[in-house]
Amino acid sequence: METYRYRNVEKNVMSMIDAGALGLGDKLPSLRSLSAKLGVSVSTVNQAYLELERKGVIEARPRSGFFVRRESKRLPRTETAPAPLAQPRPVTRIGLIQSVLESVGAADRVALDVIAPGPQRMPLRELGRITAAMVRAEPERAMGYAPIPGDQKLIHQIAYRSMEFGIPADPDDPLITAGCLEALYISLRSTCRMGDTVLIQSPTYYCFLQLLETLGLRAVEVPSDPDHGVAPEELARALKTFDIAACVFAPNFNNPDSSLTPDEAKEEIVAMLARRDIPLVEDDVYTDLHFGPKRPGTYKQFDQKGLVLLCSSFSKTIAPGFRVGWMLPGRYRQKALEIKATTNVSSSSPAQMAIAEYLRQGRMERHLKKLRTDLERQMDTMQLHLGRHFPAGTRVTHPVGGAVLWLELPKSVDSVELFFQARAEGVGIAPGAIFSTQDKFSNYIRLSCGYPWTDDLERGVRTLGRLAGSMCRP
Numbered sequence: 001m002e003t004y005r006y007r008n009v010e011k012n013v014m015s016m017i018d019a020g021a022l023g024l025g026d027k028l029p030s031l032r033s034l035s036a037k038l039g040v041s042v043s044t045v046n047q048a049y050l051e052l053e054r055k056g057v058i059e060a061r062p063r064s065g066f067f068v069r070r071e072s073k074r075l076p077r078t079e080t081a082p083a084p085l086a087q088p089r090p091v092t093r094i095g096l097i098q099s100v101l102e103s104v105g106a107a108d109r110v111a112l113d114v115i116a117p118g119p120q121r122m123p124l125r126e127l128g129r130i131t132a133a134m135v136r137a138e139p140e141r142a143m144g145y146a147p148i149p150g151d152q153k154l155i156h157q158i159a160y161r162s163m164e165f166g167i168p169a170d171p172d173d174p175l176i177t178a179g180c181l182e183a184l185y186i187s188l189r190s191t192c193r194m195g196d197t198v199l200i201q202s203p204t205y206y207c208f209l210q211l212l213e214t215l216g217l218r219a220v221e222v223p224s225d226p227d228h229g230v231a232p233e234e235l236a237r238a239l240k241t242f243d244i245a246a247c248v249f250a251p252n253f254n255n256p257d258s259s260l261t262p263d264e265a266k267e268e269i270v271a272m273l274a275r276r277d278i279p280l281v282e283d284d285v286y287t288d289l290h291f292g293p294k295r296p297g298t299y300k301q302f303d304q305k306g307l308v309l310l311c312s313s314f315s316k317t318i319a320p321g322f323r324v325g326w327m328l329p330g331r332y333r334q335k336a337l338e339i340k341a342t343t344n345v346s347s348s349s350p351a352q353m354a355i356a357e358y359l360r361q362g363r364m365e366r367h368l369k370k371l372r373t374d375l376e377r378q379m380d381t382m383q384l385h386l387g388r389h390f391p392a393g394t395r396v397t398h399p400v401g402g403a404v405l406w407l408e409l410p411k412s413v414d415s416v417e418l419f420f421q422a423r424a425e426g427v428g429i430a431p432g433a434i435f436s437t438q439d440k441f442s443n444y445i446r447l448s449c450g451y452p453w454t455d456d457l458e459r460g461v462r463t464l465g466r467l468a469g470s471m472c473r474p
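Numbering-wise (the working numbering), the sequence shown opens with residue 1 and increments by one.
Check before you lean on any hint, since a few could be wrong.
Claimed, not checked - In silico DSBU-like cross-links for lysine-lysine, where the CA-CA straight-line distance does not exceed 30 Å:
hint, residue 1, residue 2
1, Lys294, Lys369
2, Lys55, Lys27
3, Lys370, Lys55
4, Lys369, Lys55
5, Lys153, Lys369
6, Lys153, Lys294
7, Lys440, Lys240
8, Lys440, Lys411
9, Lys37, Lys369
10, Lys27, Lys37
11, Lys153, Lys305
12, Lys11, Lys55
Derived from the structure by calculation, the hints contain no laboratory data.
Build out the structure end to end from the sequences listed, making use of the hints.
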């Protein structure tokens, strides 16, 4: 709880700076006066000030107190204006997406395009020891095929963890997959036929678009607010206009805008779709990366008819290389099981066994607590450096979870051209054009905050700011 107290003081100070109540170069309130005003201890305020000093927001001056640094202004928030609904259209983005995917994580580039937290933030040594111990103890089980639904111990651990968070799940409900993407693939094949129209939020994860294109599905985009995600009224408008076979939404820290749909809106959306018997595929891969004390709810929590297919994985939290995901397919479980049996038969046995044991030992929540703190600090640091190096007119999201920032650049900046120029200078980014079937995010980019801050990352941000500035027209 003490962590959240000092983080709240940090946020309070940053809000005063962003609003102009504290100008650049101004002196901050004394430790005692701010502690009295906010009702926290002097040590809590001191901890917050030291953290802000570490990030370069404020500076301590001998015998004078703390002052706002001259380069501490964050960029203003991104604002997405409502847009008219476009007609359903085939998805044709694979060529550009493939160019981006071929660059992701290249060893010779600054990793601002890698969506998962860096290996420094994963419990790799713990998982390595557990994996080795499991293989030694049960070699036949580890080296053999797991059952098609998945390793029974992992299935039960996922079910128990889901129930702890209010997600309805019987002990045998989860279906193990090769990452979240396979879960999404199985979900779409279970609910749609070629030529069907699927409702997606905009912007959306580019791998969703690849899936739609591969399966021959058409897409209708509904606007996603950078703060609040998909609004029920926007969904209602789309449902009145188009014949929708299924929806694919990421309500908690959507990639790329990190938006968070309020729980009340989630409940309303699930009820609206249930009245029409329309399935909802839920990407739940980032929910564990919330920064606040309370874990956000899911669509699945409000599902009374088995129409929500929740998809998630461990790739963004403990082990990307294990490629272990899962789904709660609701009424579509039998169909999903049949599709998995014809595509992947079974997922990696050693990986499933290791994760099941990691969860059983209670290590997950301790790890997540530190990971969330690290990501929130990294996001704050990144926002401050963006404010120093990017051109006037740039806006950025201010997420409360996840691992990415969504930047709106001046209109004259072409994000695809910026992608190629940045790649030539050793910096990886994701251009906004790949997050939509339409050409409406041509001046947006997504930046990852998953890796710890280094001189290389600072160089990458500085390079991007320079390149973006060179594309600006007066």
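Structure-based check of each hint:
Distance check on the hinted pair: Lys294 and Lys369 sit about 12 Å apart at the alpha-carbon level, within 30 Å; holds. The straight-line distance between the Cα atoms of Lys55 and Lys27 is roughly 17 Å, inside the 30 Å bound, and the hint therefore holds. A hinted pair counts as satisfied when its Cα atoms are at most 30 Å apart, and Lys370 with Lys55 qualifies at roughly 18 Å. Pair hint Lys369 plus Lys55 holds up; C-alpha atoms about 20 Å apart against a cutoff of 30 Å.
Among the hinted pairs, Lys153 with Lys369 is consistent with the structure: their alpha-carbon atoms are about 24 Å apart, no more than 30 Å. For the suggested pair Lys153 and Lys294, the alpha carbons sit about 27 Å apart, so the restraint of at most 30 Å is met. Under the criterion of a C-alpha separation no larger than 30 Å, the hint pairing Lys440 with Lys240 is consistent with the structure, at around 23 Å. For the suggested pair Lys440 and Lys411, the alpha carbons sit about 11 Å apart, so the restraint of at most 30 Å is met.
Proposed proximity of Lys37 and Lys369 is supported: the alpha carbons are some 28 Å apart, at most 30 Å. A distance of roughly 16 Å separates the Cα atoms of Lys27 and Lys37; the hinted pair therefore holds under the 30 Å criterion. Using a Cα cut-off of 30 Å, the hinted pair Lys153 and Lys305 holds, with the two alpha carbons roughly 27 Å apart. Between Lys11 and Lys55 the CA atoms are separated by roughly 13 Å; this keeps the pair inside 30 Å, and the hint holds.
The structure fails none of the hints (numbered hints given earlier).
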